[in-house]
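Quick note: the sequence shown uses the numbering used here, first residue 457, plus one each step.
In case anyone wonders, no lab produced these hints; they're calculated from the structure.
Be a bit skeptical, because a hint or two may be false.
[To be verified] Result set (SDA-like, lysine to any residue): computed pairs, CA atoms no more than 20 Å apart in a straight line:
1) 514 - 486
2) 514 - 477
3) 561 - 479
4) 565 - 575
5) 568 - 552
6) 521 - 501
7) 561 - 508
8) 514 - 528
9) 565 - 510
10) 491 - 501
11) 514 - 489
12) 565 - 501
13) 514 - 464
14) 491 - 536
15) 561 - 481
16) 491 - 507
17) 514 - 524
18) 565 - 553
19) 521 - 536
20) 491 - 574
21) 561 - 501
22) 561 - 461
23) 514 - 539
24) 561 - 504
25) 521 - 510
26) 491 - 539
27) 565 - 549
28) 514 - 497
29) 561 - 482
30) 521 - 537
31) 514 - 498
32) 514 - 491
33) 568 - 489
34) 568 - 501
35) 561 - 545
36) 561 - 489
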Amino acid sequence: MTTEVINGIEVTDYRQSVQVDLPTSAQGLRDYITKLSEERDAVQADIDEHSAVLRREKNVGMDGKLVDADQYPRSDIDVVAVRTARQQVIRLTNDMRTVMGLVEKALYKLHKLTPQQQNEGNEVRERVQPPTRPPSCGYMG
């Protein structure tokens, strides 16, 4: 993950931190999914930050016009900031798709493991039966 500043906006590249090979152990998969979830949250926070720029600039959004009726750049918005924010939202959305695809593959692989493999490395969990009530012996009034 690298961070640089473009036109006064901090840009983070998440593509370098994506792992290609999935772990083979259940605990490794759980840790990997947790790491990906944290990465997904960071990407979403960046998307929200860049979307705020689009809302702040006269709520221009992803497809609002950047030129006026005479085809000149609008003077009431920062066109460079809007274009940069749009580009970042698109790039981060693609990063989000990649991360979510990896989460899906890891979850699929984790659930494909047998229950014994899933509990590998964990303490043995015993099933505890709920306490049973004594049989009812009629009206207790």
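Do the hints match the structure? See the list:
no.	hint	result
1	514 - 486	43 Å, violated
2	514 - 477	44 Å, violated
3	561 - 479	11 Å, holds
4	565 - 575	14 Å, holds
5	568 - 552	24 Å, violated
6	521 - 501	25 Å, violated
7	561 - 508	32 Å, violated
8	514 - 528	17 Å, holds
9	565 - 510	39 Å, violated
10	491 - 501	15 Å, holds
11	514 - 489	38 Å, violated
12	565 - 501	28 Å, violated
13	514 - 464	19 Å, holds
14	491 - 536	34 Å, violated
15	561 - 481	14 Å, holds
16	491 - 507	24 Å, violated
17	514 - 524	14 Å, holds
18	565 - 553	18 Å, holds
19	521 - 536	13 Å, holds
20	491 - 574	18 Å, holds
21	561 - 501	23 Å, violated
22	561 - 461	33 Å, violated
23	514 - 539	14 Å, holds
24	561 - 504	26 Å, violated
25	521 - 510	12 Å, holds
26	491 - 539	31 Å, violated
27	565 - 549	24 Å, violated
28	514 - 497	27 Å, violated
29	561 - 482	13 Å, holds
30	521 - 537	14 Å, holds
31	514 - 498	26 Å, violated
32	514 - 491	36 Å, violated
33	568 - 489	15 Å, holds
34	568 - 501	31 Å, violated
35	561 - 545	24 Å, violated
36	561 - 489	10 Å, holds
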